[in-house]
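Protein sequences appear in the order of chains A and B.
Add 568 to the 1-based position in the first sequence for my numbering, that's all there is to it.
Add 125 to the 1-based position in the second sequence for my numbering, that's all there is to it.
Any given hint might turn out to be false.
[To be verified] Below, in silico cross-link-like pairs of lysine-lysine (DSS-like), each with a Cα-Cα straight-line distance of 27 Å or less:
hint, chain 1, residue 1, chain 2, residue 2
1, A, K702, A, K575
2, B, K679, A, K668
3, B, K643, B, K631
4, B, K728, A, K713
5, A, K702, B, K263
6, B, K442, A, K622
7, B, K299, B, K485
8, B, K143, B, K442
9, B, K706, A, K713
10, A, K622, A, K575
11, A, K668, B, K643
12, A, K670, B, K679
13, B, K430, A, K599
14, B, K449, A, K622
15, B, K387, A, K575
16, B, K283, B, K131
17, A, K657, B, K728
18, B, K574, B, K595
19, B, K574, B, K679
20, B, K143, B, K283
21, A, K657, B, K716
22, B, K667, A, K657
23, A, K670, B, K716
24, A, K713, B, K716
25, B, K707, A, K713
26, A, K670, B, K159
27, A, K717, B, K625
28, B, K211, A, K702
29, B, K209, A, K713
30, B, K595, B, K546
31, B, K595, B, K625
32, A, K622, B, K430
33, B, K283, A, K702
34, A, K657, A, K702
35, A, K717, B, K716
36, B, K131, A, K717
37, B, K708, A, K713
[Claimed, not checked] Derived contacts from chain B toward chain A, CB cut-off under 8 Å, selection only:
hint, residue
38, E191
39, G309
40, F310
In short, the hints are calculated from the structure, not lab data.
Glycine included, C-beta positions come from ideal geometry on N, C-alpha and C.
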Amino acid sequence: MNHDLSKLPEIFGRHPQSAESLIMVLQDIQKEFRYLPCEALVATAKQLDVSLSKVFSVATFYNAFSLNPKGKNVVRICVGTACHIRGAKLIQDQIENALKLKAGQTSEDGEFSIEVVACVGACAMAPVVIVNEKYHGGVNVSGAKRLVKVDKRAN
Amino acid sequence: MTRLQKEYTQKQAAYPHKVIVCCGTGCLANGARKIVDAFEKILSERKVKDFSVEAVKETGCHGFCEQGPLVVIEPEGIFYTRVKAKDVPAIVEKSIEGREIIDSLLYADPTNGHKIEHYPDVKFFSHQKRIALRNLGKIAANSIYEYIAVDGYQALAKVLLQMTPDQVIDQISKSELRGRGGGGFPAGKKWRTCRDVKSDVHYVICNGDEGDPGAFMDRSIMEGDPHAVLEGMMIAAFAVGARQGYIYVREEYPLAVIHLQKAISDCREVGLLGANILGTDFTFDVRIARGAGAFVCGESSALMKSVAGEVGEPRAKYVRSVVKGLYDQPTVLNNVETYANVPLIIRHGADWFRKIGSPKNTGTKVFSLVGKVRNTGLIEVEMGTTLREIIFDIGGGIIDGRPFKAVQTGGPSGGCLPSSKLDLPVDFDSLTAVGSMMGSGGMIVMDDKTCMVDVARYFLHFLVAESCGKCTPCREGLYQLHALTEKVCNGEGTEADLEKMEQLSKMVVVGSLCGLGKSGPNPLMSTIQYFRDEYLAHIRDKRCPAGVCRALIKYEVIEDKCTGCVACITACAYNAITGEKKKPHFIHQDKCEKCGACVAVCKHDAILVS
Numbered sequence: 569m570n571h572d573l574s575k576l577p578e579i580f581g582r583h584p585q586s587a588e589s590l591i592m593v594l595q596d597i598q599k600e601f602r603y604l605p606c607e608a609l610v611a612t613a614k615q616l617d618v619s620l621s622k623v624f625s626v627a628t629f630y631n632a633f634s635l636n637p638k639g640k641n642v643v644r645i646c647v648g649t650a651c652h653i654r655g656a657k658l659i660q661d662q663i664e665n666a667l668k669l670k671a672g673q674t675s676e677d678g679e680f681s682i683e684v685v686a687c688v689g690a691c692a693m694a695p696v697v698i699v700n701e702k703y704h705g706g707v708n709v710s711g712a713k714r715l716v717k718v719d720k721r722a723n
Numbered sequence: 126m127t128r129l130q131k132e133y134t135q136k137q138a139a140y141p142h143k144v145i146v147c148c149g150t151g152c153l154a155n156g157a158r159k160i161v162d163a164f165e166k167i168l169s170e171r172k173v174k175d176f177s178v179e180a181v182k183e184t185g186c187h188g189f190c191e192q193g194p195l196v197v198i199e200p201e202g203i204f205y206t207r208v209k210a211k212d213v214p215a216i217v218e219k220s221i222e223g224r225e226i227i228d229s230l231l232y233a234d235p236t237n238g239h240k241i242e243h244y245p246d247v248k249f250f251s252h253q254k255r256i257a258l259r260n261l262g263k264i265a266a267n268s269i270y271e272y273i274a275v276d277g278y279q280a281l282a283k284v285l286l287q288m289t290p291d292q293v294i295d296q297i298s299k300s301e302l303r304g305r306g307g308g309g310f311p312a313g314k315k316w317r318t319c320r321d322v323k324s325d326v327h328y329v330i331c332n333g334d335e336g337d338p339g340a341f342m343d344r345s346i347m348e349g350d351p352h353a354v355l356e357g358m359m360i361a362a363f364a365v366g367a368r369q370g371y372i373y374v375r376e377e378y379p380l381a382v383i384h385l386q387k388a389i390s391d392c393r394e395v396g397l398l399g400a401n402i403l404g405t406d407f408t409f410d411v412r413i414a415r416g417a418g419a420f421v422c423g424e425s426s427a428l429m430k431s432v433a434g435e436v437g438e439p440r441a442k443y444v445r446s447v448v449k450g451l452y453d454q455p456t457v458l459n460n461v462e463t464y465a466n467v468p469l470i471i472r473h474g475a476d477w478f479r480k481i482g483s484p485k486n487t488g489t490k491v492f493s494l495v496g497k498v499r500n501t502g503l504i505e506v507e508m509g510t511t512l513r514e515i516i517f518d519i520g521g522g523i524i525d526g527r528p529f530k531a532v533q534t535g536g537p538s539g540g541c542l543p544s545s546k547l548d549l550p551v552d553f554d555s556l557t558a559v560g561s562m563m564g565s566g567g568m569i570v571m572d573d574k575t576c577m578v579d580v581a582r583y584f585l586h587f588l589v590a591e592s593c594g595k596c597t598p599c600r601e602g603l604y605q606l607h608a609l610t611e612k613v614c615n616g617e618g619t620e621a622d623l624e625k626m627e628q629l630s631k632m633v634v635v636g637s638l639c640g641l642g643k644s645g646p647n648p649l650m651s652t653i654q655y656f657r658d659e660y661l662a663h664i665r666d667k668r669c670p671a672g673v674c675r676a677l678i679k680y681e682v683i684e685d686k687c688t689g690c691v692a693c694i695t696a697c698a699y700n701a702i703t704g705e706k707k708k709p710h711f712i713h714q715d716k717c718e719k720c721g722a723c724v725a726v727c728k729h730d731a732i733l734v735s
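The shape of chain B in the complex, shown without the other chains (with noise of 0.2 Å):
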């Protein structure tokens, strides 16, 4: 291996320079397939001193998917935003040839407008700690040489050729890395007791499900960085004793599939999967097994009947996964995240990782900063870290300068936490006491214009379809607690339906089988919690404060306002505005169905909610 590394670095030496063009699937989206191939267009047909079109990277996502397409020039380190093709002749001659910079291709700080030239400068990415998402971003996704020129699988190799299984679980236990993927269940503990099961076949499962709304760090980690993942789950097979192992992946990423099935067979080309793993007598496998679309296959009984080709319903758990797994075998289930952590804490040791973070919440967490918020993307910091940094430092603040009302965490099964609690540090026990929960990571940032009531509703809308029907207070409970919502939403509902709510809440988190329905009514309990003025103006004032419930608004025109500029005519799909140009328009309220059209198009604030 480290033959290989050396070879690798020297080839890449001859060229200094490189171009590294992000292709996660934000990027992809806005043409980033278009840049690497102009600048392989480019390349090939002239010659560009210290360069060579295999300097040209694709790599995983950067996480600041706002602002993408990205391009970075290194060894510089200059940092272009929104690129796009027909820019790449201009960035070959100035900033390659000529070690210029263009100016109108840098990002701007959205707080004081300042340009800035470098990557490591700009504040989202400066507050980051990344051990996670280390290699996104630096590192071409699709190839193994690259992740091993960054030390990849030297963890692995320690492991197999100097230490027991045994120490490779007191290294994890002691690092005290938790489950990323939303429990927080220690990770060495688990390791132990899948160990400790007295059996002849282990397995090892990771979890890439990632089904949460509003999340997609492991989506980014198993398309950036596939080897990363691929290494832990090594590891934590050579340390429970297993030889195969599955990756779940979602059917909704398909680009993270193809990442890994060539990591995988990437891996068995060069002896790191299969038999006699570095010539010792370590035999171990992957294979891929795509989702299909339930949420509830995320959770870990389910999950593991959809790997083995069954209905994902999960069961009661007397027994724990790791004694009866999957086939009834122990198995250790962990998310893509936790796996990715694995090589680091095994390379600089436990006390390292221990270092980072807080007490009883070591290491980082990934999340994805998103909704209503300026720098959109993923981040990965130290536990602790409060939700005021994440969201004003790290987002940039709320966009458009309107005032902050709220963050969701963890998904359906977190909660909306109000601005009392910007100062949180967040881990996974601070989020717990207040009501939400860290889940897989999602972090979704509304500002005024989100009603609470419309955002539980949604959570239950969206947990009554995934339901998989098992067991009766899931099936039927947030069936309930959704109508509960939709007549509150629709200026109908009672001071009594409140209580009713907050009483049916609590039968359905006692009564659930597994975590779907156990953490299911968060969302709604702690929206009642921090917003209880929010469901009462629907109730006795028939109000949405924020302007969201259909059944409770109007859209009007302000004719002092309104330059008759007929943007809202060819929006409105009902053709319930009329009027003439350069003269104020006029909506017709038994047309309109209150689609907000008419205000997304206003260029003039001239459509009045109230």
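Bound conformation, chain A alone (with noise of 0.2 Å):
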């Protein structure tokens, strides 16, 4: 895959130039491109001067950051305690039989993602269901179908 590196510059320049760093700039970069592309893991090992295994051993390890590329809309199911004690299976049951795809992966299409997360702090709500950033609380049988009824979807 090609990517447009020249956001990189940018990138690195919110933080300071260290290997302290190395965490939020691999945030930022799954931000920017939507998981890790290879080359910009190169690039970020040279730029913090910090090993090329310990870059991906910091991206492999934490569960925020992906070496597949994600979906445009990402669906993240939470399955915190108070979640699945009110139903979260039921919901991720009923999202991934909507959207065809099981929780981790990402549509042919690239439209859409599901992923599970523990627990996102909005436990007095659950269960709740995050699609692209937006908090959905109190999700019902219905109502999750809804959720993943994008119109981009029709066709």
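These two chains come separately, so use the hints to put the complex back together.
Below you can see the structure in the form of structure tokens.
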């Protein structure tokens, strides 16, 4: 895949140029490209003067990072305890079925990804689904389907 | 500072009426932003007596998230719940201009249906004692002036201008404040040890990781009262001699990062962070370190690795991190709630604080009360309040009047307590004594429809995924425990497995390196201890009494009750239900995946779970 790496200098510029910034630089890269492209990791290692193996170990250790491209629309299903008790599994089933995808997968057209996350700290509104950063609380069976029935998906 | 406070208070006093809109994550998700916009639009379009756009306050979380979005009208304290943007014109017209109360927006007490008009009369609030949450829902979260107006930074001024570091530590020690992150270690002792280590560099860190599923109190404090956390950190930094602090915030909390960033830059602007704070020789600054989704990073040594931009693996603590912490320098690490308590202890004195709570467990604790309880949300109570008071008085009891089964405290490190423990006074020591723990304060209420074996499996599944993998007992032991619970849930478990689980749990507790493994088997051990019957039902009778474990249950239509409304047919994602309109439907067992969607949508209780 080809990426526009010209944005990297600006991202690097936001943080102090030291190993301490590694996680935050990777977060910003992930935000920009929706995943961590290999070339960007190589550039990061060079820029922050840390070994490439360390960059990879950090990139694979933390849940927030993905080495595979994510969809344009990311549906995050909270499976924290409060959500679990109030039926998060059922909601997950409904969404997986509606999008014909399993959690952790991205659709072939790159439109959707489903992720499960353990607690987003909105337990009082359980079960919670986050579609592209927007929180939806008290999701029920029909609501879950509606959430992912995005117009872009038509046809 | 007194000048700033005076100026701001005078400006506010020009408009006696205020509208307080809760903008915590819960209320925002339910449309609080639109309400604020609607108020601002109306107020800028027409003149309302005694009222201006500046009087619309976007506050942090009141804690009463179940009923959000919340709007409070001051000074009367009129309390409206579940407000929508379209209600705003009526609120302005009737309640602000006309001093009238809109009945339909009032909160109804779930126990007796009575409508409640004023904020302090709601039982959810009246049983609480708020110290760490003192400003939440009262002041605008994003304004340093709002914080200063409620005597914010007075404690810092007192510390810098009138006290020595030793006196500060003495006060904190005397208050007997214990770390609110879960461990309950005396904060004063921690600060003293750190100060006593001879080094040019000391650090203070605020742990805002809060990876416990089911807890969100730190999130709300960081979002709703960021300055309280900063002030606590500054006082700690002065006491131990640190010049640099870090706040570690998990990546799932983007709003907390934004609010903390604003708070930090506001502080720098008015001279509360940076060199020579308040004209003294105290110099201190704070940086935010963002987490990246790793539960283990809530553990202090792993967190410090992560702050340094490394993989968050814990280390064996022969030497504690107060002595050798971040970059091998002496480091004080406390959690968000602990820091939020500090300014009030300094302002009102250690004796004041010690009178709250119970001996050895002074002060209050914030809990996130969630699950199958009527009033879910954040609450702060004195230490020693009983579980019954929390769940039934403040929480309003169990949803749909179902029976209470268990309450899970302390997240994956804690345990599940049965109804026989409802009169237990909640504090660090009493919870540990009965096989659970305080943890960061998650409190998840479960009713008879919750399967305890499934709950144990749930936590083990979580911990297997979150174990960093560094030490074998945790990595392999939790994995095997999870496999065993899976076996029981599938109806394939034996009584020998139950014994195996108990033995293996003990081994994982003893052999693991850090808190994740050491406390990981707690949910399993406590459920076996208190709900052994339920395990035996799965093992001997191949039955899940709560109707949760999919391998052991069956869904059927009760023909007499089914009205043929086709709701279940529409909901079933597996095409396992067929039938005509107005005639009883039928569930094809070979296609049924037992997801429970049919039960969730059936309004006539016509689906039998057996």
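When you check the alpha-carbon spacing of K717 (chain A) and K625 (chain B), does it fall within 27 Å? violated, 46 Å
For the pair supplied as a hint, K209 (chain B) and K713 (chain A), is the alpha-carbon distance within the 27 Å limit? holds, 24 Å
Between K299 (chain B) and K485 (chain B), is the straight-line Cα distance small enough, at 27 Å or below? holds, 11 Å
Min Cβ distance, E191 (chain B) to chain A: is it shorter than 8 Å? OK, holds: E191 (chain B) within 8 Å of chain A, min 6 Å.
Given the hinted pair K668 (chain A) and K643 (chain B), is their alpha-carbon gap at most 27 Å? violated, 39 Å
Tell me if the straight-line CA distance from K657 (chain A) to K716 (chain B) falls inside 27 Å. holds, 18 Å
Take the C-alpha atoms of K679 (chain B) and K668 (chain A), compute the straight-line distance between them, and say whether it is at most 27 Å. holds, 25 Å
CA of K595 (chain B) to CA of K546 (chain B), is that 27 Å or under? violated, 36 Å
So if I understand the rule, the pair passes when the alpha-carbon distance is 27 Å or less; does K574 (chain B) with K679 (chain B) pass? holds, 15 Å
With the threshold set at 27 Å, check whether the alpha-carbon distance from K670 (chain A) to K716 (chain B) stays at or below it. Holds: K670 (chain A) and K716 (chain B) sit about 19 Å apart, inside 27 Å.
Given hint K713 (chain A) paired with K708 (chain B) - CA-CA distance at most 27 Å: The given pair, whose Cα atoms are some 26 Å apart, holds under the 27 Å limit.
Compare the distance between the alpha carbons of K143 (chain B) and K283 (chain B) with 27 Å, and conclude whether the hinted pair is satisfied. violated, 31 Å
Figure legend: structure checked against the earlier numbered hints; hints not met, in rising order: 8, 11, 18, 20, 26, 27, 30, 33, 36, 39, 40.
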